[in-house]
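Following the hints, put chain B in place on chain A, whose structure we already have.
Those protein sequence lines, which keep their order, are chains A and B. Residues 1 to 440 in UniProt numbering are what the first sequence lists, from first letter to last. Residues 1 to 470 in UniProt numbering are what the second sequence lists, from first letter to last.
Errors might be hidden in some of the hints.
Unchecked claim - 30 Å max Cα-Cα, derived BS3-like pairs, lysine-lysine:
#1 A/266 x B/152
#2 B/147 x B/102
#3 B/432 x B/281
#4 B/323 x A/333
#5 B/363 x A/333
Claimed, not checked - Estimated spans, in silico, between C-beta atoms of each pair:
#6 B/178 x A/8: 22 to 30 Å
#7 A/220 x B/150: 47 to 55 Å
#8 A/220 x B/12: 39 to 47 Å
#9 A/177 x B/105: 39 to 47 Å
Keep in mind the hints are simulated off the structure, nothing from the lab. Note that CB positions come from ideal geometry on N, CA and C, so glycine has one too.
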Amino acid sequence: MLFVCMTNCPTLIVTVGLPARGKTYISKKLTRYLNWIGVPTKEFNVGQYRRECLKIYKSFEFFRPDNEEGLKIRRQCATAALNDVRQYLSVEGGQVAVFDATNTTRERRGLILKFAEQNGFKVFFVESVCEDADVIAQNIVHVKLGNPDYIHCNTEEAVEDFMKRIKCYESSYQSLDEVLDRDLSYIKIMDVGRRYLVNRVLDHIQSRIVYYLMNIHITPRSIYLCRHGESDLNIKGRIGGDSGLSARGKEFAKSLRKFIQEQNIKDLKVWTSQMKRTIQTAECLGVPYEQWKSLNEIDAGVCEEMMYEEIQEHYPLEFALRDQDKYRYRYPKGESYEDLVQRLEPVIMELERQENVLVICHQAVMRCLLAYFLDKPAEELPYLNCSLHTVLKLTPIAYGCKVESVFLGVDAVNTHRDKPENVNVQRSTEDALQTVPAHF
Amino acid sequence: MSKRESTLTQNPLEKTWVPWIRSRLSQRRGSSVPQFTNSPTMIVLVGLPARGKTYISKKLTRYLNWIGVTTKVFNVGQYRRDATRSYNSYEFFRPDNTEAMKIRKACAIAALKDVCDYFTRAQGQVVVFDATNSTTERRELILSFAKDNGYKVFFVESICDDPEIIAENIKQVKLSSPDYANCDKEEAVADFLKRIDCYKLTYVPLDDSKDRNLSYIKIFDVGSRYLVNRVQDHIQSRIVYYLMNIHVTPRSIYLSRHGESELNLLGRIGGDSGLSPRGTKFACALGTYMRGQCISDLKVWTSHMKRTIQTAESLGVQYEQWKALNEIDAGVCEELTYEEIQDNYPEEFALRDQDKYRYRYPKGESYEDLVQRLEPVIMELERQENVLVICHQAVMRCLLAYFLDKSAEELPYLKCPLHTVLKLTPVAYGCKVESVFLNIEAVNTHRDKPVNVDVDRDPEDALRTVPDHS
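Here chain A stands alone, though its shape is the one from the complex (with noise of 0.2 Å):
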């Protein structure tokens, strides 16, 4: 086990709050950071389960508190998505699951927690309250108006028709009270994160959630990342190590400054490894940067600075057992990418709670960060591609995250080695070094 034990039910994390309070935005978020850090989670959005129930949205009358239909289908969806919560987190072997629903009423919360009581789930409610008009408007701008509710209304509609449909919901809405719901376990988020009112965590998980919702920010920025400039390692083919930069790398650096200051970025920090290449690398932008351990390559114990066909030639079991597990699989003496992970959320917590970061960091590592941001599962995080001399700029936008990749026009050797088609242990040495990029 990894992981000290989260906990010992599983919990039902349910939102709470009027329409575009971001409470899918966190959901979505929330679910994202768990399963990276490797509890699984899945998220349950009401309204899906609505839009597939109605097929065809007419107009805001329907979330009308006097609509006695609208209200009948509305529970029978919340009722279906408890049940696929039950499926999920009983039967399949989730941990969390994130109920995101409006859950205004007290009535409603209180049938959630009825259920959770009978399946013996832990509740933690997550609220968010905003009054900030601009703040809403912009939530309706950038999520709702691209809603397959909308997709046949004008902007003005749409916006028209979605504020009616918040009106439907705050004659009834019931915030979690101080002292009606002290006995409750949730967070109040208050204006987009400028205050939380925290009640009762329970345990681990809940107090990493709270942790977590705490860093988030919305603010406008960019991640910048990349690798090191190709090393002298990288040429031979070996890895790990802690060489410095051949020729074409130290002009990378040089293109990345000019990339950089192109960019014309606000405040930029910039972070590196304690290796010496991604210090090289920093060193040209001629700015302070700030180094991390947390952020050295993959530990590949004894088989730093071989070449693949060494460690097949020397550890062809290993070599194997890698390739049929990349994620789980860890180098005798050394790491797994799972470790990797652990190891990396301190950056990852960092960066969510800072504005505008160049990352630069190594193959394995940024495959990690770049897992997180895409939401990609433990299975495809080994072989991301992330190639030398490009840079990633990932730009959050409406639910998920913009990437845009640069090539910075400097030629560089290929380090991506693809999972070959033979991944038995008694495969032949031609069927192990299939993927094998080129090198000197």
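Frame of chain A; chain B shown alone:
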């Protein structure tokens, strides 16, 4: 900025790469700890007496220092005791006692002056200003002072109206205060309660509306609820996280190393060997001891290394493995004896003796790295109740240093012998330690700092303090 490529040179002690500009080493120091904050930060406590302010102050300071943020507590009550020679009664704290009010204000100002000195001369990063700070006026004074000096301010307010908790506080820490040295228990309690009443008259808690632009955390009822407002930066975020994870439920933490290992017997460091016969005996004895402690709900943690897991297996209870609890990585020196290290890497060996805390083994780790690695373990230990941690020498030293507030200089030399369990029980403002040797002989693995730490020393001088081995 210069476009010239500067060559990098590796700092021989910490193995960090720094630019070599002309003939001097660059000031840029790559540490394993990223920058927590740009400006000095004042953490200002707020709350009536007996609400745990000093407890929080001391604990927070201990934690921050351990993770590498130089922090100091300034307790205004101490200044008051120094200024008034002897404490007579609660009357001193009456809001209409103008003479006393003058003294109290002077004490606060004297403390603030020392805060300034600490930040400028001692290069401190964080100050914890421990006083009631229960009026808007007093807090304004502090905010003004901080603004003038460019310090960030973060308030920590503790609110509690549970009479039982307050009574317990008074019993645990007030009765033994110098103020009440010559009183009997009942007198002391009566006087202290009247003292609290004096403050209640003028207490203005942080206000949701009026203080909405301040950065603060309000702790209600010893942690059942928190209100957090405007966290400004990384260090404040870490402080909030820490405060939200600590609790005051009585419990004990048991720290122990694995049983004696095969490599221990050979005087070799690191590696991943199994238990020696004596080590196996210890594992059994540990089981017996722990059962004798009769603890409900004991959690047992080990590292991922064979010797701690073998030790835990003997206990016959569930345990959790943490990679973060693995022994310090000695890099190229893994599985060597000290004699071999002296033989093959005499300079490294000397550098280590010069600064054992910051020294990083080539391709390995330093104690400083270890502390960073162990921080999530400490955080989880704070959350938990009764825990037995079966770990390793360097790791145990780091954990112990956290609980016993030992400095970075002392940490790498703390005594953590094999086959000895340390039972830590929080008490008042600190930690009680009971050391229990389980009566099974084992080699000594503790190497004291030798007198001669010079890189040119004789092997004899270098190896003087190496403990015996096979």
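These are the hints, each one checked on the structure:
| no. | hint | in the structure |
| --- | --- | --- |
| 1 | A/266 x B/152 | 23 Å, holds |
| 2 | B/147 x B/102 | 24 Å, holds |
| 3 | B/432 x B/281 | 27 Å, holds |
| 4 | B/323 x A/333 | 12 Å, holds |
| 5 | B/363 x A/333 | 12 Å, holds |
| 6 | B/178 x A/8: 22 to 30 Å | 46 Å, violated |
| 7 | A/220 x B/150: 47 to 55 Å | 28 Å, violated |
| 8 | A/220 x B/12: 39 to 47 Å | 44 Å, holds |
| 9 | A/177 x B/105: 39 to 47 Å | 40 Å, holds |
Hint compliance for this structure: hints 6, 7 are broken, all remaining hints hold.
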